[in-house]
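Model the placement of chains G and L on the given structure of chain D, informed by the hints.
Single-letter residue listing:
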Amino acid sequence: MNGTLLLQTLVDGLILGGIFSLSAVGFSLIFGVLGVVNLAHGIFILGGAYLGLALKAALGLDPLAAIPIVFVVVSVIGAALHQTLVSAAVRRGSLMTSLLITFGISLIVRDILILIFGPDIHSLASVWLLNTFHVGGVVVDGARATALIASLALLGLLSLVLYRMKVGRAIRATAQQSFAAGLCGVDAGRVHTLTFGVSAGFAGASGIVIGMINPFSPFDDAYWTLNAFVTVVLGGVGSPVGALLGGLLLGEISTLSSQYIGSRYPNVFIFGALFLMLIVRPNGLLGNAYKGSV
Amino acid sequence: MGAFNPPIRAGFWALSGLLLLGALVLPFVLAPFHLRLAQQILLFGGMAIGWSLLGGFTSYWSFGHTAFFGLGAFSAGLLSQQLGPEMSVALRLLIGLVFAVVLTLIAAVAIAGPVLKLRGIYFAIAMLAFAEILGEISKTFDFFQGTSGFPLPTLSALGLQKVQLFYFLFLLLFVANVVVFVWLRRSRLGIGLICIGQDEDTAAMLGIPTERYKLVAFVLSAVLTAIGGVLYGYSLGFISSGSVFRIDISLNLILYSMLGGIGTVVGPFVGAAIMIILTQVVLGDLLDLHMMLTGTVLIAMVILAPKGLMGLLHKAWSRRRAAAGEARA
Amino acid sequence: MAGISRRSALGAMGASIIGSAALGIRRASAQSGGVIYFGGSLGMSGRYAETGLNIRHGYETAIKFLNEEMGGVEIGGKTYRFELAIVDDASDPARATALIQRQIDKDMSFFLGSYGSNIVLPCAGITEAAGKLTVQVGASADQIFQQGYRNIFGFFPRASRAWATSVEFFKSLEPKPKKVSIIATNDAFSKLNTQAAAAGCTGIGLEVLDLLQLPEQVSDASSALATIRARTPDILITTTVDQNSLVIVRQMIATDTNVPLLYQFLGPQLPAYRESLGSKATGVIMQLPWDSRLAFSDPIFRDSKSYVAYYNKNNSRPLSYHTVGASACITTYVEAMRKAGSLDPAKVRAALAATDITTAFGPVKFSPEGDGDPILMGAKIGQVQNGEVQVVFPTEVKTANLIYPTSNWSTK
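Residue numbers (my numbering), protein chains in the order written: chain D, 10 to 303; chain G, 151 to 479; chain L, 6 to 417.
The hints are simulated quantities; they were obtained by calculation from the structure and are not laboratory data.
Be aware that a few hints might be false.
Claimed, not checked - Derived list of chain L stretches under chain G, where covered just means 3 residues or more per stretch with a C-beta under 8 Å from a C-beta of chain G:
| id | segment |
| --- | --- |
| 1 | 95-108 |
| 2 | 191-204 |
Said to hold, decoys possible - Some residues of chain L that are not near chain G, with every Cβ distance over 12 Å (derived):
| id | residue |
| --- | --- |
| 3 | GLY82 |
| 4 | LYS111 |
| 5 | GLY130 |
| 6 | VAL213 |
Stated by the list, open to error - Each computed DSS-like pair below joins lysine-lysine, with the alpha-carbon atoms no more than 27 Å apart:
| id | chain 1 | residue 1 | chain 2 | residue 2 |
| --- | --- | --- | --- | --- |
| 7 | D | LYS65 | L | LYS83 |
| 8 | L | LYS111 | G | LYS312 |
| 9 | L | LYS111 | L | LYS83 |
| 10 | G | LYS312 | D | LYS300 |
Bear in mind the structure is a predicted one, so any value in this text is a computation, not a measurement.
Note that CB positions come from ideal geometry on N, CA and C, so glycine has one too.
For reference, chain D alone in the conformation it holds in the complex (with noise of 0.2 Å):
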């Protein structure tokens, strides 16, 4: 076996697994604090990428730059949908319900979304993206590191938050014991809307990332959702850690099968990874980061 593209394919699997594991870390966080699984998700993720685009349009703003703000408006938009829809469908029906809720959100914002911008592909272009570098025998994709450093950065952020923050406790502690922490003097209802908010933004925030990388188009949404479950699933429920540690293995198995067994098969390897992690250990790797087994 050659081992510069053993190398080669181990490093393409890692840039790429960055990507995933930013992408999926604010569904991580929803499923495990809220127990809902956000099928509007991926329209999210879009929905920060088109910002960015129209942020670009308009102030001629760099997309990395624009992060912060994205931020802001995708999570407040988030918390406004949950503060309104999603705590109303999960009160009045089952957890289950709350799949069609965020599918039928996710609906509505794609139509929105081919309204404002048009069904056309686009795709974002930042001045800062680093160019290809070689080490040793290996090409190094020079906008996909950008993007791996600029996920690295945004999970510190997030564990830096949850961990070392008085927020980030609360929000531990209701996906805990939501009763216990409502004794605690933590308002439930306020948290989940927080993280809901919180978590919105993170997908959007990544949009820009994935936008910068890949064109995208308003239809793109069910793929990012479909691989955020595989990352959480691989990699555990609620932990940054556990969406990095998802990410990377996704990433991994979709370079590896792809270079060495067919570059048509990665997907059939990837729901095959996610079926099997399922049978065998459903919450994932790292576990559930706050409950203990399902």
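Here is chains G and L on its own, set in the frame of chain D:
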């Protein structure tokens, strides 16, 4: 079983008989488009009832029933190709049905063990993953001809038009689903399944063979869905991955059941009728907005009527009875 | 939700649904007075929505011109206006067939096909069985024209014949290329074109080095590109749709994967593609079914230049070849109706089969099976040069000289 199930009232039989009679007459009075709508309502409404054999009774919501739908379609379709044009289409369809049922039986039993150990959302995702795997396999390996698709011969019989013939076939499948559902509800197995749906651990503690019961419901549901897939493939005349392995088929089955009322026999049919008429007739002409409106309807139904239309009717009915009771008191 | 009770909200919703359903069901019959309806569906949601929108604009422009600029068309002594009745099939064959059937029930006879062979094929079966006509600019799978259908016509030569010009082009290259690799995706369109391309290349003695197949939605082509770097061909063909082509080429640039000639079947035709790549797009080859500089006369619009001017006056969306093709569909229909002097589908069908005209899109002539004549309706070869598309082959119609071999990404 007559012990704790009241005998079915004569009125119920009469109503069903009347409806069946009306359904049999429909193909000869409706325009082809409306007949196609009726076809879709019968097929997907029937499959939604089949879905609730598992989802309605045990609360195990499968998000991947399109796996069985596609499995049925592909197995029967590919077999039909192999059997060649010398054999009549009707015979090929029949053999294909048997083959599809056997294959789905094996597949369902194979995954039932590990998959039914998962609860709630994990079961849903596992079924989704299973459906995606089958879909990907059908697209990846050329043997299945999934990406390009392959045509199926036209079925004709009894001098009926194709549209009418398949209407009757779908009607047959619909009736089969209803019969199985009602029989299940009135059986010991069904009671056990409902207990599993309410509190699985307590049910197990009380001695209900949960594993076995879940397996039966799972397999029944899978097989009925596969039969739907076979008939659908023949009715379309064309099978491809993109037409039978669709995530929106899975979602629609759940949606129709939810809309009409999960756990009722009429609910999924009503839900299917409403959504299909809505999306094909009302929204069929709205080129730009139909997705948005579908999403809005979806959200509205989930928030305003989480127990479905049957649930609403039930509440209205019991409210009327309570009011009448109060008036008398 | 405060203030509005659940019940009244539900009641209002139910009433509006029933109301709109009632309105929907009561519709005028299709061929009333002097109006001719063009029926059909397009995938307005889903991966091909972009092309669907381009096609729709083409139809609308042609019909607007016919109604407003010409005041209708005289056919068989009576003047008719036209109306478009396109529905969204969401790229779902079940939805498409049901909605087409509905239009047939309403007595529509003239259909415009959808985009994508997996939709057009089942729909063609339905229109054929009902004796209705379809002229389409959205699918070229051989299967469609091998069913023995007599009522379907397509604007492109069937997929297996669509690579004739490209193969001639490869033959004309100096220095002679020896090896070609193809990157395809796992969908019908890509697979068909890959087969045709590979067969054509082998036919002229090119060695097909690698045939790499990616999943239908490409997010990462790193392993395929690693193979290309290891075994570099003289020509790299990607038989992918626009979005996938763009992902692949951007990753090629970012991983410094260089080939002497990059041929992207779909993609470079879009202004968004060229904008995204900037100066790096120079040198990429594409299939060019139509270019605004190719001058053709047109029986309705007078000539291609006037067509382009009229289109740009009435649309802000940039022109794509699908748009022109779609307008030409309508032109072809109208000319056939005029020639037949009647709206009887059988007579119009005969006139369509005998079509031999020139439109703004170019010559229109159908083979006996209904697909486009491979010589007259075959695509040209285009190349991006300094952000613009130039026709580089056949040499008789070229607008610029070919750049071959192309330089490395880093120097562009």
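Hints, verified against the model:
{"no.": "1", "hint": "95-108", "result": "holds (count 11)"}
{"no.": "2", "hint": "191-204", "result": "holds (count 5)"}
{"no.": "3", "hint": "GLY82", "result": "32 Å, holds"}
{"no.": "4", "hint": "LYS111", "result": "8 Å, violated"}
{"no.": "5", "hint": "GLY130", "result": "6 Å, violated"}
{"no.": "6", "hint": "VAL213", "result": "17 Å, holds"}
{"no.": "7", "hint": "D:LYS65 / L:LYS83", "result": "54 Å, violated"}
{"no.": "8", "hint": "L:LYS111 / G:LYS312", "result": "19 Å, holds"}
{"no.": "9", "hint": "L:LYS111 / L:LYS83", "result": "22 Å, holds"}
{"no.": "10", "hint": "G:LYS312 / D:LYS300", "result": "56 Å, violated"}
In terms of the numbered hints stated before, the structure departs from hints 4, 5, 7 and 10, listed from lowest to highest.
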